[in-house]
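For the record, the sequence lines run as chains A and B.
Sequential numbering of the first sequence, starting at 776, is according to the numbering used here.
Sequential numbering of the second sequence, starting at 1242, is according to the numbering used here.
No wet-lab data here; the hints were simulated from the structure.
Since the structure is predicted, the reported quantities are computational estimates derived from the model, not experimental observations.
A hint or two may mislead.
[Claimed, not checked] Coverage of chain A stretches by chain B, computed from C-beta distances (three or more under 8 Å per stretch; other residues unrestricted):
id, region
1, 812–821
2, 889–902
3, 905–912
4, 916–925
[To be verified] Cβ pair distances, simulated, as ranges:
id, chain 1, residue 1, chain 2, residue 2, range
5, B, Glu1552, A, Arg848, 38 to 48 Å
6, A, Asp835, B, Pro1507, 58 to 68 Å
7, B, Thr1584, A, Arg789, 30 to 40 Å
Glycine included, every Cβ here is placed at the ideal spot set by N, Cα and C.
This is what each chain is made of:
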Amino acid sequence: VGAAGGLLALVRTRGYHVPSERSDRLLALSSWELVVVEHAARRIAARDDESASGPPSADDVDVAGFVDGYLARMAAPRRRDVRRLLAYLEHIAPIRAGNVDRFSRLAPAAQDRVLGTLESSSSDLLREGFAGLKALVFMGYYRDPRTWRVLGYAGPLVGRAAP
Amino acid sequence: VISRGRDLKHDVRLDVDAVVVGTGAGGSVALRDLARAGLRVVALEEGGHFTSADFNQREEQMLPMLFQEMGARATDDMAIRVLQGRGVGGSTLHNTNLCKRTPDAILDAWSKKYAVSGASAGELRPAFERIEADLSVSEIPRELVNPNNDVLRRGAEQLGWKSGPLKHNRVGCQLSGFCELGCTYDAKQNALKIMVPQALAAGARIWSDVSAVAITTRAGRATGVVAVARDGLGDPVAWVDVRARVVVLAASATGSAALALASKLPDPYAQAGRGLRLHPGAVCVGRFDREIDGYRGIPQSWECTEHLSFEEGSDRRVWIVPAFAHPIGAAATMPGFGASHMTAMRAYARIAVLTAMVHDETSGRVDAGEDARPVLRYRLDERDRAQLAKGLAACARLLFAAGALEVVIPAVPPVRLRSSKEVDVLDLGFVRPHGVPISSVHPMGTLRMGDDARSSVVSSTGEHHHVRGLFVADASLFPTSLGVPPQISVYAFAHHLSRHAVERARG
Chain A
776 VGAAGGLLAL VRTRGYHVPS ERSDRLLALS SWELVVVEHA ARRIAARDDE
826 SASGPPSADD VDVAGFVDGY LARMAAPRRR DVRRLLAYLE HIAPIRAGNV
876 DRFSRLAPAA QDRVLGTLES SSSDLLREGF AGLKALVFMG YYRDPRTWRV
926 LGYAGPLVGR AAP
Chain B
1242 VISRGRDLKH DVRLDVDAVV VGTGAGGSVA LRDLARAGLR VVALEEGGHF
1292 TSADFNQREE QMLPMLFQEM GARATDDMAI RVLQGRGVGG STLHNTNLCK
1342 RTPDAILDAW SKKYAVSGAS AGELRPAFER IEADLSVSEI PRELVNPNND
1392 VLRRGAEQLG WKSGPLKHNR VGCQLSGFCE LGCTYDAKQN ALKIMVPQAL
1442 AAGARIWSDV SAVAITTRAG RATGVVAVAR DGLGDPVAWV DVRARVVVLA
1492 ASATGSAALA LASKLPDPYA QAGRGLRLHP GAVCVGRFDR EIDGYRGIPQ
1542 SWECTEHLSF EEGSDRRVWI VPAFAHPIGA AATMPGFGAS HMTAMRAYAR
1592 IAVLTAMVHD ETSGRVDAGE DARPVLRYRL DERDRAQLAK GLAACARLLF
1642 AAGALEVVIP AVPPVRLRSS KEVDVLDLGF VRPHGVPISS VHPMGTLRMG
1692 DDARSSVVSS TGEHHHVRGL FVADASLFPT SLGVPPQISV YAFAHHLSRH
1742 AVERARG
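Bound conformation, chain A alone (with noise of 0.2 Å):
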């Protein structure tokens, strides 16, 4: 069972591509976590204006490299069970809502309707999973300025120069 599990493991893992430089410097996440992290963070906080003008985009601000330093300076049971949700979010949860590829592989739609089904799941544990998951992904969006213009929001004053 346990060669099985490792041999799963091993190709469920694979065929991520994150360039070195990046890889190199994570701090909490693998590789392919932080792909799924990626994939979450452009549907949970997807722009409702994607033209030039609009609001920045998840990977404009890098939702997924805040997540990542953010998670390595939680304990680690939450960090545990944070990579738990990713991998049930990357494996299990697409196969539940009747898909056969990991959830980074759907296209933009189908993974809305997995994030989905998380949200509304019958599982107390999933739904508040995935409200971690959710709070991670806009704390990472929410803290640069540039997306405040979106809101009316003013900002800080400290460090805002004087009138």
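Based on these hints, arrange chain B on the given structure of chain A.
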């Protein structure tokens, strides 16, 4: 002197008269009072030592710095998020400075039903007056009520509901609205600004970045505390061994109880950790046709007490106040995700947010996890669930009465209401743990006081029933929920009871 445990290169042993665990509202007062009595006293603080220069008004940086578990602490079933502070000053660093005394009805009930003596309203009055003077408590002037709070004021006025201004402990407030991220302007008259400097001036010492892991005892007497100094990543760097005749627990209703349990203190009636109350709350969002900009100004200056009674078993146990959040908190709370979520967030400047907090009677418990970390077990009972539902419905009515175009309760799926009539016919069964986001900022009641050792952990003097020299000076003491923000009660009880710790330390 405040020393940073993270800088330690070797183990430390301290011999003092008294050691205080925690430096929040209760710990800072106990530390000050013991030092002023001429005793050699040291406090251990799990978090860091920060000053106003460190509070940069950035959510993603202040949340991990000022909150337990980086703001991710929750009950063991993840149903209730529990926001608690860490750092020299404890939760007074991030709280919104609400100042209300323990209600007389609560003190009466503690005396009559929970065998608490020496803590009537009259007996506590000097302590309340002393603390309120120390903290410069005053009523928030009407002109400082921001538009989000004014929504509550006008809604209550329209409905004819009981409401009024709150008191606070701020002086020189710049109305930046970032209170929950620490005050950049030193306007908060809190433990960090007032009590800690007074304690240090009286000769106390504080070690930050040091987590207590065990209370030591011998022959039924407290003998000190064993603690671990940690670096910025939480990794241990040294042992801190404190020998003292008196130990004062003030690490919050979660931390103190977990430490007591981890220390395996005598507890013949299995009372330690029991009786956890949380003041669970949930929010309701109203969308208006005008700018509210709720993040600016004093976050909470007005309250609605129409549905709040302090009688035990009452079906009116809801307190309503505004609860606006900065963008990260707001985005996490707003229902949904993706492009539609962003569209909803575009209304950020035009929303008002109210919260319904339950004066709870559910009894949870704290257990000790690894390294004396608290594990919170709490299952909202049906009567409190009904109170929360009633409170959210009341929030929706208040928002509509103040002119909201739409009210959203961030459930899964979200509940969107267009008028008060829709509130009248709303099935509130969805308001339950895991059904709506529930949060708590007021854990209480896990090392309860009382003169009957069969139903309490410490006596009415705050001293442990079975360990001489071990005192409690935080919200763990409270036999029930307060129904009001606890900071003034914590400060005042710590001051009221500190003379007993002083007497014991003097031998």
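Discussion item. Which constraints among the numbered hints does this structure fail? Numbers only, ascending.
Written reply: Violated hints: none at all, because every hint is consistent with the structure.
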